[in-house]
Amino acid sequence: MFPARLLACAPLALVILALSGCSSLWGCTDTTAERGEAGVKVQVVDTEGQLLGVTAEVVDWHLEPHPQVPAEGDQVNFRFRFDGADEHSGRAVDACAVDKKRVALGCQTIYSSTARHQPDGALTGDDWFAVEHPEQVAEMLLIPNDQSYHGRTCEQDIKDGGGMHPPETPRRGEQL
118 MFPARLLACA PLALVILALS GCSSLWGCTD TTAERGEAGV KVQVVDTEGQ LLGVTAEVVD
178 WHLEPHPQVP AEGDQVNFRF RFDGADEHSG RAVDACAVDK KRVALGCQTI YSSTARHQPD
238 GALTGDDWFA VEHPEQVAEM LLIPNDQSYH GRTCEQDIKD GGGMHPPETP RRGEQL
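Positions 118 to 293 (this note's numbering) are the ones given, in order, by the sequence shown.
Bear in mind the hints are in silico, worked out from the structure with no lab data behind them.
Be careful, since some hints might not be right.
Unchecked claim - Subject to a maximum C-alpha distance of 20 Å in a straight line, what follows is the list of computed SDA-like cross-link-like pairs (lysine to any residue):
(1) K217 to R289
(2) K217 to Q167
(3) K276 to G144
(4) K218 to G153
(5) K276 to D191
(6) K158 to P287
(7) K158 to D244
(8) K217 to E256
(9) K158 to E249
(10) K158 to S265
(11) K158 to L293
(12) K218 to A255
(13) K217 to G242
Given these sequences and hints, build the entire structure.
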């Protein structure tokens, strides 16, 4: 059996370990938020699924050669709008070109901080991206999850990492 003096010191040792940060070896966990429903117009949500008071919308899109690299053929050119965001909030969502079955042909993250102020207070911008089969693009969709903050993972920083992270940007071939 253990001596009483040793058992009496055990809780104190655990407190010292916890305060020194050693307990994070057992407590660091990474979790990923569930991906929200894609749409042409979405309410942006944080990693906990809470509304941020920001709306993101695909205003228009079309296929055409990029003016700087016309020899590469058609690319997706789309215009987007953020309402309720400002350039300092840095909100970001994933924009995806999808086919008729809502299968992602290509995705990229768009940021409110790259958009221009409009008289009505909105931020608008436009972007380009190439997809392998541009003739299959049927729609541009936005994923509502805010991508502006990823934080450090447990693998990167066992002491200060962990917590909830935004979902990964959809990969080509994923159903939205």
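Which constraints among the numbered hints does this structure fail? Numbers only, ascending.
2, 5, 9 and 13
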